[in-house]
Structures are given as C-alpha cells and as structure tokens.
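K.L.:
As a plain string of letters, each chain reads:
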Amino acid sequence: MSEAARGPATQAREWTLSGALNQALRDALTEDPRLLVFGEDVGRSGGVFRVTDGLQTEFGPNRVFDTPISEAAIAGTAVGLAFAGWRSVIEFQFDAFSYPALEQVIDHVAKMRERVRGRVDMPITIRIPSFGGIRGKEHHGESPETYYVHTAGLKVVVPSSALDGYTLMRHAIADPDPVVILEPKVRYWSKEAGELEADGPGIGVGRVVRDGDGAAIVTYGAMVATCVEAADALTADGVQARVVDLRSLSPLDDELLATSARETGRVVVVHEAPRTLGMAAEIAARLMELAFDHLEAPVGRVTGHDVPYPSASLEAHYRPSVERIRTAVLEAVNY
Amino acid sequence: MSEAARGPATQAREWTLSGALNQALRDALTEDPRLLVFGEDVGRSGGVFRVTDGLQTEFGPNRVFDTPISEAAIAGTAVGLAFAGWRSVIEFQFDAFSYPALEQVIDHVAKMRERVRGRVDMPITIRIPSFGGIRGKEHHGESPETYYVHTAGLKVVVPSSALDGYTLMRHAIADPDPVVILEPKVRYWSKEAGELEADGPGIGVGRVVRDGDGAAIVTYGAMVATCVEAADALTADGVQARVVDLRSLSPLDDELLATSARETGRVVVVHEAPRTLGMAAEIAARLMELAFDHLEAPVGRVTGHDVPYPSASLEAHYRPSVERIRTAVLEAVNY
Amino acid sequence: MPASLASGLIPYALGVSGEGVDVSVPAGPLEPAHWAGTPPLRLVASDGTAVGDTDVGLAPEVLRDLLRRMIVARRLDRECIALQRQGELTVYPGFEGQEAAQIGSAFALGPDDFVFPTFRELAAALVRGVDAVQYLQYHRGTWHGGPYDPRATRFGPISIPIATQIPHAVGHALGQKLDGLDACTLVYFGDGSTSEGDFHEGANMAGVFGVPLVLFCQNNGWAISVPTTQQTAGEIWRRAEGYGFPGVRVDGNDVLAVYAATRDALALARSGGGPTLIEALTYRVGAHSTADDPGRYRDAVEVEMARASDPIARYATWLLASGHADHAFVSECEGEAEAFAMEVRAGVVDTEAPPVEWMFDWTFAAPTDAFQRMRREALGE
Amino acid sequence: MPASLASGLIPYALGVSGEGVDVSVPAGPLEPAHWAGTPPLRLVASDGTAVGDTDVGLAPEVLRDLLRRMIVARRLDRECIALQRQGELTVYPGFEGQEAAQIGSAFALGPDDFVFPTFRELAAALVRGVDAVQYLQYHRGTWHGGPYDPRATRFGPISIPIATQIPHAVGHALGQKLDGLDACTLVYFGDGSTSEGDFHEGANMAGVFGVPLVLFCQNNGWAISVPTTQQTAGEIWRRAEGYGFPGVRVDGNDVLAVYAATRDALALARSGGGPTLIEALTYRVGAHSTADDPGRYRDAVEVEMARASDPIARYATWLLASGHADHAFVSECEGEAEAFAMEVRAGVVDTEAPPVEWMFDWTFAAPTDAFQRMRREALGE
Ligand SMILES: Cc1ncc(C[n+]2csc(CCOP(=O)(O)OP(=O)(O)O)c2C)c(N)n1
Ligand SMILES: Cc1ncc(C[n+]2csc(CCOP(=O)(O)OP(=O)(O)O)c2C)c(N)n1
Ligand SMILES: [Mg+2]
Ligand SMILES: [Mg+2]
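Respectively, the protein sequence lines represent chains C, W, P and V. By this note's numbering, the letter at position 117 of the first sequence is numbered 117, and the numbering carries on one by one without gaps. By this note's numbering, the letter at position 177 of the second sequence is numbered 177, and the numbering carries on one by one without gaps. By this note's numbering, the letter at position 343 of the third sequence is numbered 343, and the numbering carries on one by one without gaps. By this note's numbering, the letter at position 24 of the fourth sequence is numbered 24, and the numbering carries on one by one without gaps.
You may find that some hints are simply not true.
Claimed, not checked - Just so you have them, the derived chain W footprint on chain C, three or more residues with Cβ under 8 Å:
#1 92-105
#2 108-121
#3 139-148
#4 277-284
#5 296-302
#6 306-315
Said to hold, decoys possible - Which chain C residues face chain P? A few, computed with CB under 10 Å, are given here:
#7 Ile69
#8 Glu71
#9 Ala72
#10 Ala75
#11 Thr77
#12 Ala78
#13 Phe83
#14 Trp86
#15 Asp177
#16 Ser250
#17 Leu252
#18 Asp253
#19 Glu255
Stated by the list, open to error - Quick list of simulated restraints, FRET-style, between CB atoms:
#20 C:Gln240 / P:Glu352: 56 to 64 Å
#21 P:Gly110 / V:Ala300: 42 to 50 Å
#22 W:Arg34 / P:Ala36: 29 to 37 Å
Derived from the structure by calculation, the hints contain no laboratory data. Think of the CB as a built atom: it goes at the ideal place given N, C-alpha and C, for glycine as much as any other residue.
One chain only, chain C, in its complex shape (with noise of 0.2 Å):
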C-alpha cells in the first residue's frame, strides 16, 4: 500500500515530501481527467524516490504509463499532447537527465503558447529531483535551476518541506503555464505533519520562515533547513536573522525580497548551484534595484562553487554549510 493511501488528503498526519508530492499527483489525477503522468520508471516501479508510487495501479496505464530513455520525446510529447487538449506531468529522473531535453523545454515548452497566440496552453509539470547531498554519482546532485530560471515563458518552484511541498505541486498541475518543480532529493523522506492544503500561497510568493531583524538569510529548497539551523546558531553572536524560502525562483516574489532587505539592511542569500549567475546573483541585482538605499551591506553570496559537482567524498565542501552561512551573516551584520 502506498503511504499516501493510508489516509484522506485533508487529514492532518505526518508526510514526507515523497509521500506529499505523491498525494498531490494523486488528488490531481482524481480531480482532472485529462491529466497524464509519464517518464521513466514511473508507472510500473512507482519512481526512483516513490513519487508516483501507486499511481499506475489506481488511474490505469493510459494515465500514469513509462516512456523509453527519451528525454526529449518526453518534454516534446507533452508539448503534442497539449495539442490534443491534455494536461502532462512529466518526470526527468534526476537533475542532469533534463539536459537532454532542454531544446525541447526552451524552444518549445516555454515559447509554444506565444507562437500560437495563446490558441494552445501548455499547461505541463515538469518535476526534476534536483540538488545534491544524496552522495549520489556524477549528474546526480546538480542544481540546474538557472537554465530554467533565465528561460522565458517557463515557471520555476522549488519546494522545502512535505506540505508545501503539496501546495506548490498542486498549484504547478493547475496551472495552465509550464511549471518546473525542483525537488530538493535530500529532503524527499523528512518529515512534517499537518494538513495538505491545495490553494495555500500560490507562485511568485515567498514566506517566511523564521523571523528576525538583524539580518535576512534567503534561500529556497534543501538548503532552507540548512539555513534556519544557521540562524539558530547565529543567536549566539547576538543575531536574529530571518530565513525567507523562495518557494518560487520565477517569478520572485520582490515585495518580501525588498521588504526583508529594508527591515535588515543585510541580505545573505544560499544556494547550492555555482556562484557565477546563480539565483543570488539575481535577487543581488535586484535587491540593489528595490531597496538600493537601505542595504547596509554586500548582499552576501554563500554558493556551490564554480567547478563541476564534486563526488559524495567532497560534497560537503561545495555544498553551503551552517558555518558558511554563519560566516557570510556575520560579515554582513559587521560590515
């Protein structure tokens, strides 16, 4: 029996992010009948990390169903499938493994709705487990959020936790745009109880997560855990700092970007994906452009670095750490 079976949606329990997002597949497909879950491994096996885990066996294998080792014809059957009135759930096994297919996302997933004047919504989920941390193999800890990110007509969220993790899949399927959902693997079996709640804050809104006034730390995905522990620790240098999480990297929400650099003054943001062009480097260009006189320091970078994804022996080094981030606080606050 799939976790998610083992109670009603609405019902406050505990979920992991697998057994969320499994949830919001599920209450999906039952709600909309034109919706498809494809990819590889999905159907049958139920996915490498459970996500669609029982998915196959409730809704048939004309509605959750694998495709061949074809990423491509993955993303650009999803495009076709939009022609003939069908909404898609697509799955790119791992963050690297979308690369193959980024022509297709690119030139078609993200410009076909322009080309046709909106005669044809592509209202397709593309979910990539992303990010590393899993000591996985090469390809399979990477952050590829920029290649979505600065790709016009695409939507990009990256959920942190079980529950949003609920409400951002649901907001991503029902949307009649092309989402991009990240999800960050490390997380994928911690744990949250709660409710599953389908229209909680939606896309292009960040939250807070921990509030402070000393300093703003923003991040989005793994590394929000990451960063709320660095917080706790910096309290100790006298610091309360508050940890905003993105949830959504496009839109960005710029009235909670431009309200916590004017409430701190000192803005840290973390990401696990290299330096050079990755989200910190937006939201620093635009926190000068919203809030140019209140920043009292640097917006502060604490990034992967920009070399290759390391293997499992290294990833802590690249990974942003509790003492990284600490660090970047603190010279933001004594700059």
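With chain C fixed as given, assemble chains W, P and V with the ligands onto it according to the hints.
P.N.:
Then chains W, P and V with the ligands, alone, in the frame of chain C:
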C-alpha cells in the same frame, strides 16, 4: 577567392568580422596540423556566414568537413577526438541550435577534464553565431550566454569587432580548455582596419573602448557599438560615459569592473539576453562585492525582456536601444 | 565530408555531380535509379506514362483538383521569392519541385487529422485550408510560427529547430489514441532532419505506443549544402524496421504514388496499426532559402535533371493523356494561380507590424503580477 | 506502459512474466526463443552443448582464461554488493549474468583499441587491465568517472548520462581513422540506451564517416524497471540497416559467440569496413543497482530462468566437456577469485577521501587568474 586570401594575416587592411574569423581559423589550421573544423555546412559551402569559406579547399576534407544535422553528436565527437589527441573547432549554426547539444556540453565538454583528472584536455572551441538584430526567423536571434557562463568548466568569449574577433578566436583555439565563442551575427559584415594579432589581450581580459568618468556602460558583442553611440549621445546631456567591452564573459575581468565602478560610481550593464539571470545580474552582484562603497546608484540593467525573442517586426523593441541606454545612464547619474 | 571518410558512399546526393568522381551524366530526367538503394513505389513515370495502377480511387474532379493545387502552389512559391527580393518578406524557403510530395500527402488526410509541419510546407498548408496571407506573416517577420490558428486549421505552427516537431506529433497522436478518436497525425520533416536525436526518439516512442502517426519524410536530396548521401549511409525508409513498424519508399514527384502511400499509411494508423514511415524521394529545385546560393555546392546539371522530372509536368501529361482533363483546364488553373498569387501578394504587402504589447500578450495564460509589472515597465506604462 | 497502447507487444521483456497476460512459464533456462524476433548467433547452448562451430581460434589456455576471468569478475561483483551493504561503497550497479557479454567482447580487443563504457562494465574493465580498486573509487564516491588513467588503460571514464558516450566513441574512432591507425574503438551501452537521441546521432554519424567502431549493446532485458519490449517495438540489431552498416544479434550469455562476433566486427572495422552494431542478448540477474528493488516490477521466475541459462555455468560445462579444462582448474579459479575479491576489498576500504583542493585542481588545464582567486577564496586561503 575567399576574402581573407587577399592578403597575409599580419598586413594592415580592412577586415570584416566574418573575414577576420575566417583568417583566424586559416592561421590556426596552418599552425596546428591536429586541428579540425567541422559542423553543419561549414565544409563545402563555407558556412552560412562564410566564416569557414575556402577552408575545406585549402586544408582538405579530412580537416574541414560537414556533418549530419546532429548537434549533440557534433559536440560528443569533439570530446572523443580530444581523447584521440585532436583539437576541434565546432560550429552550431545559430544560437538556438546549440541547445540540442547542451547535455553533451554541460556533462562532458565542461566536465571531462576534471573527471579524468587532467589526463585528457578538452581543447574544443565552440563557435555559435549569436544574438539578434538580423530580422531572423524564430530561434535565430537568441542570446545563449547565460547557459554557458553558468556552466562551470567552460570559458566564454564574445568579440565585438573584426580585429578582436581574430584575437579572441586565436586565443580560444590555442586554449587547452573548452571555449565558447559567441559571434555577434549582426556585426559579421562590419569592417575594421588594422593588423590581426594572435596574441592580443587574452581570455578574461576586458577593455575600455571609450573613456569617460561620469558613468560606465558595461557590455559585449553587438551591443558595444550601440553603447558607444549612446555614450556619444550622452555628451549632449553632459555625461562622459565610459564604455567597457567585456570580451570575456567567463571569466569576467573583475579588476576592470571594479575599477570602472570605483572611478565612475555609476554602472549600467547592457545586453540583449532576457533580464532575469542575464549577465547584468552577475555583474551587479559582483560590483556589490567588489565596490559596494563606491556605487552611487544601483547598477542599471538595460536588457532584453523576459519573453521569447520576438519576430523581426518587434525586435527593435526587444533589443536595447540607444535611447533606453541613455535613459538608464541618466537615471544612474541623477540617482 | 572527407572523401577519405566517405568511402563506399556516392559523394553527392544523387550520384550525379561531384568533384573527383567520374560520373557520366545521363541525359534526361532524374530517375529513381539515380538514387542509391531501393527503387521507390511509382505509378507515373517522369514522362507521364503510367507504370503502375494509377487508379487510386479518386474521382476525375478530384484528380483535376490535385493538378490545380500543384499549379497554384508553385505560382505562389515563385511569388514569395519575388516578394522576398522586393523586401516584403524576410528569408523565404521555397518548395519548388516538392509540390507532389506535399500536396499528395496532405490530400490524403481527413478533416480531423492533424499536421505538424517544418518551415517548407506552404503547399501542404494550402491543402489544409491555412490562409496563405496568415501563413506568410511568419516569413514577413510579423509573427513567429505564423498567426493562423493551429486548432482551427489542424495545421501546427511552423517549426524551425530541425526534427523537434516530431515528438510533438507523437504526443498529439497519443492524445488521439487516448481519446479513442478516429483521427491521425502526420508530421513532415526532411532528409536532414532524420539525423537529429528528436527524429529517433520520436519515431521509437511512436512505435512503442503504437500511435496513429504518419512520419512523412521529404527527401529532397539536400539539407542546405549537405547531400543525403552524406547525411546517412543508410536508406531513410529502412529506419522504420528498427522501430518495428512499416517503412515505405515512394517517388515523391509522383503525386498519385504519394497520395496512395499516405492514404494506406493513414488507413493502417486509423485501424490501430500504428505508425508508418514514408520516405518520399523528391528534389529541392531551388536554393535552400533566398539567403542561400546553391552554386557553391551543387552542380547545375542535377537541377536540370530534376526539372526534367518535374512533378507538375509529369502529372499534367498523365492527366491529359488519361482524358480526365484538357488543356483548357490547365489554362484555367494557371489563371487561378495568377489571381491567387496577386491576391496573396496584396494581403502580404498590407500586413503591418503588430503592436509592441503583443510581445507580452501571449507568453503566459496566467501571467503573474511580477510579469505584469515587467510588462508595464518595458512598455513604459 | 499502457496495456492499451502496447497492442501487439509482449508486455514484458521476455514475454515470460506479466500481469494480465496468460503465459505458461516454460520450465528450464531462458532460451533465445523467449526473446521476440530473430534468433541470435549461438555456439554453445544453455546446457553447455555445442550448437555451432565452437572453434573460434583460441588456444586452450586462452579458453581457460576466459572462464577464469568470468569467475573472478562475478566474485568481485558480489563482493561489491557486500561492500555497498556495509557502507563502503555508495550505490553499486551489479553485472551478474552479463559476464560473458562483457568479457567475450573485451577479450576480442587489441591492446591499442579503446573502450568507452557505461557504468556497468567492471568485468570489461578488468579485461582491459583497469585497476579494480581505482575503478571502484568511483562507486566509493571518491572520484567521478574513476581515477584510473583512461589513456594508459585504453578504457574511458565511467559514463552516467545514458548513451552520451556513444558520440565520444565515434569521435575517437574518427581520430583513429584520421591518424591512419590500425586501431578500433568499442562502445558499450544498454538496451535502454538505444532510445536516446545520442545513440542515433552517434550511430548515424559513424556510418557516414565509416569509422572503425563497434557499437556493443548489452540487451539485458531491462532498463531499471522498463523491459526491452517497452523500450522499442523493433529489434535493436536491426537499427544498423537504417544506418547502412551491419547489425548482428548474438547470444550474450554465450562467451564464445560474443567473442567471435566482436572479433569479426573489429576485423571489419580494421580493414576499413566501418562500424558494426552488435546486440548481445543477456540478462540482468540482479537489481538495477543496490538502490533498486526489482520485486516491484518483475517476476522472480524470469530471474530463475536466467540463472538456468547462466553464462559461467554454461561455458564451464562446455569447457570441461571439451577437455580443455578440468575441475581442478575451476577450483583454482574460484580460489583466485576469492583472493582477488579480498585484495580489492582491502584496497577499497583503505581508500580515503581526496583532499578538498582536488575539487579545483583539474577543472581547467589553464585556470585563469579569476579561477585561482575563486579557488583561494573557497579554500579559505
Ligand atoms: C536544430 C537545428 N539545427 C540546425 C538548423 C539549421 N537548418 C535549417 S534548415 C537545415 C537543413 C534541413 O534539411 P532537411 O531536413 O533536409 O530539410 P530541407 O531544408 O531540405 O527541407 C538546417 C541545418 C536548424 N534549423 N535547427
Ligand atoms: C540521460 C539519462 N537519463 C536517465 C538516466 C537514469 N538511468 C540510469 S541507468 C538507466 C537505465 C539504463 O538502461 P540500459 O541502457 O538498458 O542499461 P542497464 O542499466 O540495463 O545496464 C536510467 C534510465 C541516466 N543515467 N541518464
Ligand atoms: Mg532536405
Ligand atoms: Mg538494460
């Protein structure tokens, strides 16, 4: 007779960008017998933009050759050739037609040397006629630089003029690492008189193409000429604007950026790529890090919009214009 | 392509021209024998004589209509080239020589069937009822993809990145199958397109899902400057076998053969028999596009031969000989073609640039507040 | 895959197990007849009896060496799974059942030939002389790709993104051809890999350039949870025809047949005959990797049948019957395998994490000043 064949490389004469790049390839092919040039239509026809004109005749079809329409395999073949000790210059015919090769470029061209701990270098030059302004068909006017600059393991250069095209191409080919060279197609036929220099300023070094201390306009490629025009126009507003031609997008010339910010206090970055996570984001973030206390105004961004690159009839409204640049500089100056 | 690497291959598309290769150029038309490999299905020879069962089940007025459409399409194609020369269109990719391949195949489609084209299927678009002026707004630089309604015309937007429309067609056909419709999808692509990964992934997936799809390849001998013999060492129709569905090679300049092959493939698809790959051997008589100069890479003799195997002349000869049409009908068609070309020209020339706001109006069905802010700022509102 | 979409296909890899499909499970070993389509080349049957000309030109000591290598490889594979369970390796992809396919093919290579592997070719790596401990540092998470020297071992780095190593092999073979070398390239990939665009683009380009390449597909019935019948509706070896070069289907659990087929393909390549595609029918007896639970998607009976068709038992039976080896030799091999496994274990367990600086040391051959600054900053220097 090909244009370049008209005179020896070192003799001062007038060069188009296309001709200078052609001469760079010719000189490199002459100097290094293990250099190959291949791609779609680069052989017999000499390239859509004549950049490889005459090379197959001169160096034979084993050194300069056409491939099937298989961008991923073109990039992958270059990787394999590197294992066999060959150096390659490959062409993707237009910006967007580099996307089908992104998996090979991100996963292998950029990472292979690190993977094999330096036992095999990847001396691969990736030529991509890029950017808009030619009233092109869809997918013929894109600015792909973010995809490459964000990818650790690549170097990325953009010439803005014929002579510098020669220099940068020679550096790119001579480099033992993979270098992406984005050729501004709208400037292919722009002329410049002077001597071709193989060992002019290298990768990582920018240059000031117009001096001034009222503001710094930072740009690259086709936009350099537009920015110089804007700087000229700004004299009427009493502003002496410096124009920085980055030349190298990865790595960036941090010293030049920092100096320009320190000396002018007001920086505007100009590019055709969509704004979000375009080069201006990275430059703004860096300038905060490098020269926070010298910035008198937020770093301005004059860029393409966050929508798909439009058709010919609208591209003038998409690409930064002299007027938009002028306005942004004045905003920075009057901040 | 390195001669030394191409050992065993005829170095040019049709084995006709070619440096370093001593080919005695046969006089007369381009014949199937000039293509390497398997002879294609052919009903009418280059000289217009029947060489197979020409009774493909079409009534005389429909047979006439085929000719009419070919004549009209060619005239429009030539007008487009003129329009480009006059600066009224941006780069234009002509289809002269490929009228039979496009019209014969599109003609076999039912009203509910759906087409995914490349950038060279104006003739097929006309058969589907796409408005020519709207279609040409793409080439005028007014709107990417062409502003016609793909849902209403059942003709997808113009697709530029080679072979990427093939997976779209697979998805569409899968949708038709899931809906239990009696409708099929047909996707056009060229010889060069068969070298792309997207061709392969799409074709293979179509086979696995058994979708109602016709993969229609116009092998026109060239992909810009690269001849088919340097695009692949195999025969394109034979790829089908590796995907587990039928492949057919047809003379693409024989409109009846093209029609028959497409009709059969559609019938198979409709009956649940899955995809078919059709390779239609035709010839790109003109340049790749108005920006291209084929003099740099191919011998004019090839083109002369292709002209001598012209699909329109061939079919007209057969039609006249068969008694289904007379010379007056041909003149009538030419008159209609002329009038149509002028009408389209007027429409094209009249087309104005869209308002700037349109750059932002269709990116998203549900634009976010952030997007709307960006839009306002960009428009200086 | 939707049953309704898979019409005409046997729903499981071998047509053996499968929900909703009434298959009477044949007792006994997995036989070629269980695979859909063309029977493979086979010299030794599952029970070890000769069914073809087993004289493949190998001396008795070499024939014995084949068995020895298979026994050693299997033992090491099992040790690796144990090492993973004990936390000494990260996820490990076993190759049990595929020893003949890997060792038979690698054995046919000459010293100057070059191999591009996937992530499952440890047995082939051992044949090429790759140091097992160095190889396993990849799976220990010490270094991506494996820290062995690909130039010295003539064995490329472990490649993860499916099928991407195929174009590398094409390029390498092209380099060999341009250098006029008497050497070939062999590239390994799985059944699932044949669905990727990179397989197709690489294979087609190999055909066009006529390079000395062997495309060696280990069709082990499964790509993680997807059986080969849902990966393609065709037969993999038949793809070759569409690329204009030979395709061969061989029993991948018959080491002599694999050796002979690979040897012939290499000879063809060496003589300028271009590429060959070999499809070796084998079976992934274990899980996709230590992270996978095949109980979720395949019937245990299939695995039992595959075990009854085991490549090592089969070859040992034949070798003993042929008189080229005796039971003592087999015991000797088992002893050697045990000792080797222990030695490798010790080496693996001893491997330490590399110093942090190494993260920056090989990204560029010519690191720029900017890169060096970044490095110093990152290392807190
Ligand atoms: C992915 C991609 N690569 C390259 C191009 C440039 N290009 C445009 S048309 C063309 C040749 C296409 O040949 P073919 O498929 O035979 O069609 P034809 O032009 O003959 O109709 C090429 C290479 C492109 N449009 N897309
Ligand atoms: C581009 C890409 N997509 C997906 C994956 C995830 N993946 C790893 S192994 C595998 C199955 C490979 O099947 P096959 O080629 O048959 O090789 P086998 O595992 O059977 O040896 C998949 C889908 C990947 N590594 N690369
Ligand atoms: Mg063609
Ligand atoms: Mg397999």
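K.L.:
Does the structure break any of the earlier hints, and which numbers would those be?
P.N.:
Going through the list in order, the structure violates no hint and respects every one.
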